[in-house]
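Residue numbers (the working numbering), protein chains in the order written: chain H, 39 to 349; chain P, 16 to 350; chain W, 58 to 605; chain X, 754 to 1283.
It is possible that part of the hints are untrue.
Quick list of in silico lysine to any residue cross-link-like pairs, SDA-like style, CA-CA up to 20 Å [stated by the list, open to error]: (1) X:K1103 with X:K1026; (2) H:K250 with W:H445; (3) P:K269 with P:V126; (4) W:K139 with P:R67; (5) X:K878 with P:R67; (6) P:K139 with H:K250; (7) H:K79 with P:K139; (8) H:K236 with W:E571.
Bear in mind the hints are in silico, worked out from the structure with no lab data behind them.
Bear in mind that the values here come from a model prediction, so they are computed numbers and not experimental data.
So you can see what is in the structure, the chains are spelled out below.
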Amino acid sequence: MTAHPMTPIDTPMEDTRPLTFRERHASQIRQWRLYAHMFRKSFSSMLGLSLVVLFLILAAIGPLIVPYPEAASGAINMSAKLQPPSSTYWFGTDEMGADIFSRVIIGARTSLWIGVVITGIAAIVGITLGIIAGYRGGWVRAVIMRVTELFLAVPGLALALAIVAALGPGITNCVLALAIVWWPGYVRLVEAKTLSIKEELFIESARSIGAKTPWILWHHILPNCMSPIIVKMSMDMGMAILSAASLGFIGLGAQPPSPEWGAMISVARTYMPDWWWYSLFPGAAIFLTVLGFNLLGDGLRDILDPRSRDR
Amino acid sequence: MLTFAFRKLLTLVGTMIGIAALTFLITNVAPGDPARLVAGPNATEDMVATIRTEYGLDKSLPEQFIVYMGELVRGDLGTSIVTTRPVLEEVMRYAPATLELVFVAMFLGIVIGVPLGMLSAVYKDGPLDQVTRIFSISGVAIPAFWFGILLQLLFSVDLEWLPVSGRLPLVTRPPEFVTGLLLVDSLIAGNFSTFWTSLQHIILPAIVLSFPCLASILRVNRAEMIEVLQSDYIVAARAHGISSFRIIALYALKNAMLPTLAMIGLRFGWMLGSTVLVETVFDWPGIGLYAVSSALSSDFKPVVGVTLMIGFFFIVANTLVDLAYAWIDPRLRKA
Amino acid sequence: MTALLDIKNYRLDIGTFDGPVHVLKGINLTVNRGDTLGIVGESGSGKTVLVRSVLGIGPRNSKVVEGSISFDGQDITNLPEKDWTKIRGIRISMIFQDPMTYLNPLFTIGRQISDVIAAHEKAAGQGVSSKAARRARTEELLDQVGLPNPSMLYSQYPHQLSGGMRQRILIAMALAGKPDILIADEPTTALDVTVQAQVLDLINSLVEKLNLTVIMISHDIGAIATVAKRCAVMYKGEIVEQGMTQDILNRPQHEYTQRLLAAVPDIDVPPERVAAEVAEAKPAKRGNLLEAIDLKKVYRTQAGADFTAVNSISLAVKTGEIFGVVGESGSGKSTLARMLMRLIEPTSGDIIFDGQNISGLSGEPLRQMRRHMQFVFQNPHSALNGRHTIGDAIGEPLRIQTNMSRRDIEARAEALLDIVQLPKMFKYRYPHELSGGQKQRVCIARAIALNPRLLILDEPTSALDISVQAQVLDFLQELRSELNLTYVFISHNLAVIRQICDRTIVMKRGEIVEQGDTEQIFLAPREEYTKALIESGRKTSQAANLQA
Amino acid sequence: MFGKIIRNIAIAGLLASSVLGTPASAFERTDKGNVIVFGGRQAIPVLDPHIRYDWSTRMMQQAVYDGLVKYEGDPAVIKPWLAEKWETSEDGKTWTFHLVKNAKFHNGDPVTAEAIRYSFERGLKLNKGVAWMLKDFLAPEGISVVDDYTVKFELKAPYTPFLSFLPWWYIVNPAQVKANEVDGDYGQKWLTDNEAGSGPFKLGRWEPNVLYEAEAVADYWKGWPQGEENRPAGVIYKIIREPAAQKAALQRGEADIVEGLTPDDYVQIARAKGIAIEDHKGMTTFGIKFNTQQGPTADINLRKAIAYAMDYDALIQVYNGAASLETSPIPDAMRGHIDVPGIPRQDLAKAKEYLAKSGYPNGGITLPYVHVAGLEEARRIGLVLLDSLKPLNINVEIKPEQWPNMVANGSKVETSAAMTSVYTTPVSTDPDAVAYQYHKNSWGQYFAMMFYDNPKVTEMIDKARSSSNWDERAKLYADIQTQIVADQPEVFGMLQNRRWARRDYLQGFQFSPVRFTGEVDIYPLWVKAE
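Could you build all of it, start to finish, from the sequences and the hints given here?
Here is the structure:
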């Protein structure tokens, strides 16, 4: 306000009582209560949330609560190998006598790491490119989208397989490969979303008041893209864990003694069916974790995506 | 129309070349030396060098790339160093098995996914909806390899209802080659027992492969049905006295099928990618298995070839979806 | 004779997260055979819920608290779904507001209509007639609603037809069952002025020819008056007044009705107040604030052809005046407005603002220029970012264009809320919690935050209810004199233009058809197009019927 | 066509109920007789005997081709085959072979001296596969046809182990090969999935990556050991990649013999009815090769410390007892083997003693342990090693590598890992086959990843391989073994037993330790019908 004087109708505040937090944020509070209400109503969403919370707790404190924490770092006990589940070994033991329960629980942390890194890299790269492609248009969009389509034209797992095969097996390469094939999904999502938001009047309105492009991207487009991104990220946490486990199963993922579930199944599958517990529990752990993230994402979609909202 | 087809074709060729370049570069940055593998464990350096020269592996990477792209333009996918056969020939041999599996899986996915999606949309938030929701998300969440092994154990080992793996029993000679799809070929040949056994063989891998696909078809169909059922023209149809069944099964379904079709196209490609897992578990001699075994022996020409092939099928599938779109949606017919 | 439709003390609640909302509060309404009843009400009055309840397609989660609806002696308040099939579409049928969204885009016209015929035949218990017979009946219906060449239409899809044709097809579908009652839900709202008049004519002629019983709901009193002999006024879920249309229009009893009628801009009433004001200001020397010289915008369509949206328009807006731009949809008026703001790049031509040619500006100078001219958009519902609070939205121009401190911006935002007569508390609210009129005020507050000299208003009231529209228009005029603003006012509504604009241009297909003093244009239009425009505007206006 | 398909679907549906749940038959019966099914994990990409050999390939090569001589029995003995007798010159450089007269190729052509000459020439000129065995001593020009049934080899230098390699040089029919030659490729393309042999089987169905069928030759020139009435109609080698699926196939009788089950599987499946386990002591040695030239493991004291820390019992446990510890670099079944006294066994005190003397008295280092990706036992041994070295405060990083990458890295001192696990199967029964791995000339080969360099040992190896006096050689090999153990270039592991699980009706199984893991001589197999 340098060049122009204040408007003459600058009436003093009639009510000087400062508003309480509750009053100021009544809108948000109502919104969150509505979300919570809708979420609670759905059994599957709550199931998903519980599974995810359980998973996060295990990832946080797993090593502290398991009976044989050394099992995760490759301790062997050949005299106790391939024991069926019992009160000593809740999930039985593996071919080296390590406690499967301990390994499965501690594996949560590995999986969390895998999920967060893959989803994180993919989301950061994908959102950035997507928002630029969608907003800028022209040749920038053409280039970004061509490359994206190229990646999307090859099923991710096949491409990741090729990459890991080339880079060599191992969890880092596996995570890297999956991150490389994962970002295009975000580009497409964010680009489409940006394209539609770009047409909204409030973007034109922001331009008409002289907002620069970064401002518009950050304050207007990104917040409005967030709902589907959050939903996708929640689901992708699960899918990334699943894909890493799949590569682990083929023998290209995490390597022993790292307690990664997919790698455990990869070994355990040769012990089917007589030592069923060996593959059952890591498999169930993957299944429940991925299920949890997907149910959560699905529940989030229901409450965040106005299309499926009733009121 | 002709220019449209031409443009489509041009994009297809461009994408294929792009995929080839992408995969070739990705697979060749690594230090792997397939020549050493095929030369055998005791081979001397000069023997390995013989093989390198034979396959052009002694050239620099850019040179190899140029040679490869040159061959590719002429429709040559190169030669597998492990099997010494042209990749194209091998991929063509394995492709029917994969396609057969994917078609059956897709068929299962559609015939189960679409009606279930419809039902859970109609009974939204009811018990059926909750059950199908957990069922469908389980489908996406379940590790295919694990699920496959469980099914094998249950149906093949325990119950002995279905064969463990493969496409046909050992002594059964495959029917005369027409399409390469055993189910079709055996019917053409009128050989029912072969048809039946190949159906028995395909059912488990197809179920495993279709499960995630079924799930997402179900989800999309449900979501779209819900949206369509709330749309104005459905309200209008109700107001005009058209029966609920007709509204749901004809009017709404046709509208909801559009995004479902897109999902089917997408899932088709995804399925092709997943064959690397399912074919490994079930010993299904398709391109997925071929890709895995080649990748594990650092034999990259086949990996690139399979990736290209999958990309090709994927693009073809999506083009078909586009056509189906135009067929269903009159608004797209004139552009 | 019993009433054909009898609604008794009907109360309906809709359950929401915040508790039940009383949508209908004791409605009493009777419709006899041969009646033409109009229900007038603004958005949220509950009129659509009411008529949909009559058809058994009310909103989800709704609950009838009290009262009943009976049709032809039968209680249909809680009729099971299977019994509805005998009534819905056959004895009571409905035509809808937006003909595009109410026709299934994937089926041919013929298929949709003959399906309706088949459904009726099935419901009546008789066998479904042959395809050819249904086709003949369909073509007969299409002919009845005045559509040319029914046999060709039969195999066409909705997207191939114009809005007016689609509305006729919806009417044909509604007539397929020879209904006892025809409900028309805002049948003209989504149409252009000239088409509106035609559709109303059609309904009138059908009423006469088929002796229909019609319930028509609309927010447009003019449209109601054209069709309905009797009329009910709904406000916040209640019927505040009902009676003969003539009586209500001439002698409104209820305070709301009076207010509503007063708010309707009349195309034939010269704007005394505004005219006086302008006269007063006239002596002052007035230069041109904004000039456009030979502006042109050409779009390239996907097919590769050129489409000229705006063709060689030159205009000059004087400081302090309200400059009107009027035209039907597709006339290029919105494109013109956006070009003046440089929101759309002109293909050619110059824009001169306050003596400076701004058509070549870019980057920082363009940004600087933007604080002097602001835009108010047609649809306040989408012109505000749903993720920002009102306070943020109003403060945004200040944060972008000035380096005021956060606290200063807060204070200024509160002051601006004051100016647009909204409570300060609103700065914590989100757009979706506000009504349309409130949102438009927020948009205006946002637009004037930087003390611009020119406001371009693109149909600022067309998305609003009539009573709100009047308030906003009044407010805009007040604001102009307070802040010394110049307006470019774009509208399709001739009555509104006449009410507030000093000078006006009439646009058609990207070109200026006529321009000059607003009063002059209205009193003595020179061009045929302008005349036709004013005539059809008059037809849907209240005055025409009052005189009839 | 579609009408036909639809009609056929309907009929198939009717048939369905009757076929459901058909119990799996035992061996496959065809109208020609029994077909034995062998379930294996490894494909046979190239059948050409001069291009490629690995266990699955060589098993099928042995079935369709004949060599001049053949290994049979345990311990492996070289038996006359196409050659009924042979003699060596005094200087050990000239070998003359006399062929049997009745041998004929599958197309009816007789097996002549020219075929022998052509086959060896082809093998040497292609310079692939088996070429390495002879190429240093034999040039194509050195082979001459004396008469139709006599062929002569003249070596560049005396080479005692010459004969021990000949069983792996299979004889192809020159007429057939030449007829299918493309661009002077010696018929490589054609022989990839065709055969031109004289062996007991000829090719039947050939579905790469799925199954490979060998059909018995009714009038095989050498006859059938199990008797013409018992001989199988053929053998199908079926690819079953998953051990679990292999086990299931065996249990259901879909396969008659399988290889590659896990150690635990063998223990478990042995209890099943109708299943027998073949369990034989093999010649495949397992060693954890140290990089003796570079890095921490160049320090002999550290190597000794690791060797003494290793839990050797666990190695045996990994195989569920189906293995025996190495007592020397040379496997027990090989001539010249001695039990080297003082070969390290787990002794933590000693390990710590050596560690104290090394450059890392307190440990605190991390050593990589590389194994072939997918080799289950090698991985588990890695875990054993990791556990064993914990008391020394040495950390182990287990790194699986693709075989080609591992070999590529292991071919140079600079890139070779500190510890690499290597299984080695000697291709012949001559001790030179093992001893030469410790020769400096072997550097760069996968089995020489320790880059062992002891001039004294090198000299002794050279001497031993050119000597034709067995007593002198035996003494030399004893010294070589002792010295190698003293230098500790690797942790000497164990000899794993070769195991197959088969149905008990499968008869005629003959084990020979010189064959590769999994490889079976399918010629004498037959099915005993109940």
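Point to revise | Broken hints, by number | key: 1, 4, 6, 8
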